[in-house]
Amino acid sequence: MRYQFDWSVLWSGQTGQWLLQGISTTLEISVLAWLLAGVLGTLSGALRTAGPRPFSALSAFYVEFFRNVPLLVWMFFWYFGIPLLLPRLAQDWLFAHGAEFWAGMFALGVYHGARFSEVIRSGIQSIPKTQLEAALSTGLTVTQAYRFVIIPIALRLLIPPITNESLNLLKNSSVALTIGVAELTFQTRQIETYTAKAFEALTAGTLIYLVLCLGLSAFMAVLEKRCAIPGLIARVTPAEH
Amino acid sequence: MDFSVIANNFSFLISQGLLGFGKFTGGTLRLAIPAIILGFILGIFIGLGRLARSGWVRVPATAYVEFFRGVPLVMVIFWFWFVIPVLLGVPLPEYTVALAAFVVFEAAYLGEIIRAGIQSVPRGQVEAATATGLTSVQTMRHIILPQALKNMIPALVTQFIVLFKDTSLASIIGYVDLTKAAQIVNNREIRPFELYLFIAMVYWLCTYGMSRYARYLERRLSHA
Chain A
93 MRYQFDWSVL WSGQTGQWLL QGISTTLEIS VLAWLLAGVL GTLSGALRTA GPRPFSALSA
153 FYVEFFRNVP LLVWMFFWYF GIPLLLPRLA QDWLFAHGAE FWAGMFALGV YHGARFSEVI
213 RSGIQSIPKT QLEAALSTGL TVTQAYRFVI IPIALRLLIP PITNESLNLL KNSSVALTIG
273 VAELTFQTRQ IETYTAKAFE ALTAGTLIYL VLCLGLSAFM AVLEKRCAIP GLIARVTPAE
333 H
Chain Y
155 MDFSVIANNF SFLISQGLLG FGKFTGGTLR LAIPAIILGF ILGIFIGLGR LARSGWVRVP
215 ATAYVEFFRG VPLVMVIFWF WFVIPVLLGV PLPEYTVALA AFVVFEAAYL GEIIRAGIQS
275 VPRGQVEAAT ATGLTSVQTM RHIILPQALK NMIPALVTQF IVLFKDTSLA SIIGYVDLTK
335 AAQIVNNREI RPFELYLFIA MVYWLCTYGM SRYARYLERR LSHA
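First to last, the sequence lines map onto chains A and Y.
Counting in the working numbering, the first sequence runs from 93 upward without gaps.
Counting in the working numbering, the second sequence runs from 155 upward without gaps.
Isolated chain A, as found in the complex (with noise of 0.2 Å):
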C-alpha cells in the first residue's frame, strides 16, 4: 500500500484548530512553568551560595532531589499521587478544573527551578572575588557593589546557560502530553489519530519546535553581543539538556 500525503490537515477544519491550540497551550505551559523555575531557581541558588546553614542544605536537597529524577516520573507523581492526598472535596474541584494542566506546570516549574538553582549558583560563583573587593574598595557599600557590579555581570554572563535551559524547558514541556495535556506534542499525535497522516502531523509539530527554539536561540544570540563585556570570553558552561 503507497502512503497517500495529505498536507491539508494541517489547516483544515478541527485538526487545523487542534494544532493552533497545541501551540497556545505549549507556550502558555512553558511561561507558567518559566516563572515558577525562575523564582524557585533563583531564590535556591542564592540560597546555596549565601544562605544560612539550614536553608542552603534545603536549596541542596531541592536541587539534588528533583533534578535527579525523570521528568515523566515528576509528572505522574504531581498528576496521580499528590491529588490523593488532599481532602475528596479539593480533589473534585482540581479535576473539574484542569488539573492536568496544572499538575503538568508545577512538575515542568518544579523540576526546571532545580535546574536553573545550578545555572545561577556557578553564574554567581564564576565572578571573581576580586571585582566584590574592588567595588568595595573605590568606596561602594555593599548593596551598591552588587547593584551596579555583581548583579549586572552576572546577568550578563549567565545569558547564554539561562537560554539554554529555557529552552530545554520548552521542549520538555512535551513530556505534558504523557497527563493529557493537550500541548503541541498531544495534538499532533490526535491528528495523526484521526487521520492517520503520521507524516504530515509529526512534520508541522517537528518544525513548530524548530522554529520556536531556533528563533528564540537566534534572538538570545543577538542579545547576548549586544550585552557581552568587552574582553571577557569566559562562559559559564552550559548545562546538559
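To be clear, the hints were calculated from the coordinates, so they are not data collected in a lab.
Each statement offered as a hint is correct.
Calculated Cβ distances over 10 Å to all of chain A for the following chain Y residues:
#1 Pro188
#2 Leu192
#3 Ile298
#4 Lys304
#5 Ile338
What the simulated footprint calls covered on chain Y by chain A, stretch by stretch (three residues with Cβ under 8 Å from a Cβ of chain A suffice, anywhere in the stretch; the number is not a length):
#6 213-227
#7 232-241
#8 323-331
#9 340-347
#10 360-369
Only a predicted model underlies this, so the values are computations on that prediction, with no experimental measurement involved.
Glycine is no exception: its CB is placed at the ideal position from the N, C-alpha and C atoms.
Could you slot chain Y onto chain A? The hints should help.
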C-alpha cells in the same frame, strides 16, 4: 499511605522494570546501556564531522546537531514509532524503536561534547605530532583522542545521567521500563503516591551515584 505495595511488587519493579529480566522485553538498564554505547560511537562521527575541513561533511553534521537539539525527544520517539514502520513496511518492536530514537537523539548532544573535548587539546600537540612524522589519522588516534577523552569525561558522565533519565520516555510507546512497570502495578493497586515516590528514589539513587562519580573524576582529573 501504605508502603506495603512496594514490598509486594518489589521484584517486579526492580528485576523487570530496572534490570529487564522477566516476561516483558523491557528494563531501563537494558535500554540505557546499549543506547549510551551506540550513541557515543555515532557521536564520535558527528563530533569529528563538525570539525571537518570539508563543507560537505561539516554542514550536514552541524545541521544534524542543530536539528536534534531543537526538537523534543518525545517528538523524535514518535517519528521512529509512526514513520519508520510505514517506510519499512513492517512493524518494529518497542525496544528497537526506542533504542534507535535514543541513539540518534543523544548522538547530537554527545557529538557536541566530543567536539568540545577535541577542541580543548592545544594546537601545539598536533603540530608536535606532525613534526615527529605521525600521519593525521595517527595523530588523532594516539595524540588527540586520548587527551580529549580525558577532558570530556565529566561532561560525558553528566550526559549519561541525562540519557538514563530520558529512557523513562520509552514508556510512552509501551516499553516496559521502570516507569512503565510502576504504571502497570499502579493500574492494579491504585497507589500512585507510594509507587511514583519509590521509583523516583530508585532513579535518584542511580543518577546521584553517577553524579558523585562525575564529581570525583572531575577532581581527580583536574589534579593530573
